[in-house]
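Produce the entire structure from the sequences given, and follow the hints as far as they go.
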Amino acid sequence: MERAAIIGTGMTKIESAKHTETFADMAWEAVNKALDDAGMTIDDVDNVVTTSNDFWDGRTISCMAVGDASGASHKNVSCVEGDGTFGAFYGLSRALSGSYGTTLVTAHSKGSESISSLITNASFDPIYDRWLGMDMISASAMQANAYMERTGTTSEQLAMVSVKNHGNAVKNPLSQLPMSISVEDVLGSEMISDPLHKLDCSPVSDACCAIIIANESRVPAYSGHPVWIKGAAFCSDAYFLGDRDISRAKALTEAAKKAFSMAGITNPSKEIQVAEIYDAFTYQELMWLEEMGLCESGTAGSMLEKGEFDIEGRLPVNPSGGLLGGHPVIAAGLIRIVEIVKQLRKEAGEYQVDAKRGLAHGVNGLCGQSHCVWVLDSEG
Amino acid sequence: MGAGMKNTFDGIEPLVHKSQISVPYHWWAGETASRFFVELRDTTKIMGTRCDGCGKTFVPPRKTCPVCFTENTEWVECGPFGTVTSFTVVRKQQEALHHKVPVIFALVLLDGADTSLLHRLDEVSPEDVKIGMKVEASFNETRDANMTAIAYFKPAS
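So the protein sequences, as listed, match chains B and D.
FYI, the numbering for the first sequence is 463 to 842, going by our numbering.
FYI, the numbering for the second sequence is 80 to 236, going by our numbering.
No wet-lab data here; the hints were simulated from the structure.
Any given hint could be a false lead.
[As the list claims (entries may be wrong)] Residues on chain D that point at chain B, a partial pick, calculated with CB under 8 Å:
(1) V169
(2) Q173
(3) L186
(4) G191
(5) S195
Everything numeric in this text was worked out from a predicted model, so none of it was measured.
Note that beta-carbon positions come from the ideal geometry of N, C-alpha and C, so glycine has one too.
Structure, rendered in structure tokens:
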């Protein structure tokens, strides 16, 4: 692939409820931070991709609410409905198309303004499934049971993901839920939907995130410290949960294979040095790690127990605290990209790891229907 | 807030604009789901569609096979017995639920089908539900032509 880099990033703090800021206010903050970071002005941005969801935003054509604050006025602006990594993929395609040298990508949502259970219930098929009253948590709990049954992964191992990621969040000033907790705290927290306790679930959050992608020819024009995009791929699986083996994530396996192949990676478990994974629920961090080939199937739980995914471990996973530390839907995947950029630029402060190559991962849909995988490198 | 703007808004009371979205909506069920629902209501038969290409039988029925990208032309009766392929017991009363917790949701692979049907389990204690358990459909006595014609699945007799 032709070369492109992320040359600027910006994000708001992740909070449980941003009482003083609208969607546009959040976008304004994230976009200006990204422009400052890249050493650009809005005039240097050739095109804009915003990422949002109409149900979460409580309005149709939700992208239009943030266009002005994203500097999209009088520019080519397009929008993606889904996770921010998918918006970034579209932004990358545009930066590589030859038509645009730079793309600004934003992603936002405010979980605090609606009722998560009702919004995510609406993602079920209205004719066959929605009437049952399931939501993202009950669907994910069903997947957790299927995954645990297949692999023998235990509730204690799930709880350890929560302990690690909330603990990592203590070091991240932008996270929402920094907590020093124990496995007993997680297992003792309220059971929401078997086998997921309250502390197995990510919180409801508000935030906006922005990145600027430039093709190679434009990178030298700005002072932003480039992090190079070596591989990016996404893949989707069947919509209906019953059509899939939900104990597995075939779409993730495919997306990761493609991204690794683009990046020239033959042994991902050795060559990826840091990963930010979409841990909306504890089991997901373990399941996604296995299904993307960063460890053997059924081994993530025991590797976690040995500390391999700690900040000081062999493969640090979610050193920022991940989604368990804060989960603004839509923005969450784009934040994973930003966190890997921080790591590769050595700007991650107290949760800095030693890495030159990292992986960022985003998810869209119930039980990981679609996955987007990015491989980023500190060198071109 | 952007740099330099913060002070301008110090001390401003953060207001909330309260509203709600309530838009009546109807979805045409389509020919395939309509046939399925009419059979549930009139004959309590659970019908799937089979793909000519891969031979997979879909319940609930779909007009097209997502694997082969062809039309499913054959109707096949499935169930009423089946196997739980996964489940969860919801313990916290969430807004989307229509029943009091604990509520058991399950994916049920009906005999004769290749995809699992999403439904609810009842007449079983949450502690006794296992992946792999045999269940059967329990139909409502008075049935509408929709998924509620099956009241729930229960342990197989």
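Discussion item. Take the shortest C-beta to C-beta distance between G191 (chain D) and chain B; is it under 8 Å?
Written reply: violated (14 Å)
Discussion item. Restraint: Q173 (chain D) near chain B, CB-CB cut 8 Å. Satisfied or not?
Written reply: holds (4 Å)
Worksheet item: Measuring from the C-beta of S195 (chain D) to each C-beta in chain B, is the shortest one below 8 Å?
Response: holds (3 Å)
Item to complete: Using 8 Å as the Cβ threshold, decide whether V169 (chain D) counts as touching chain B.
Response: holds (5 Å)
Discussion item. Min Cβ distance, L186 (chain D) to chain B: is it shorter than 8 Å?
Written reply: Given a least distance of 5 Å, the restraint on L186 (chain D) holds.
In this structure, the one hint that does not hold is number 4.
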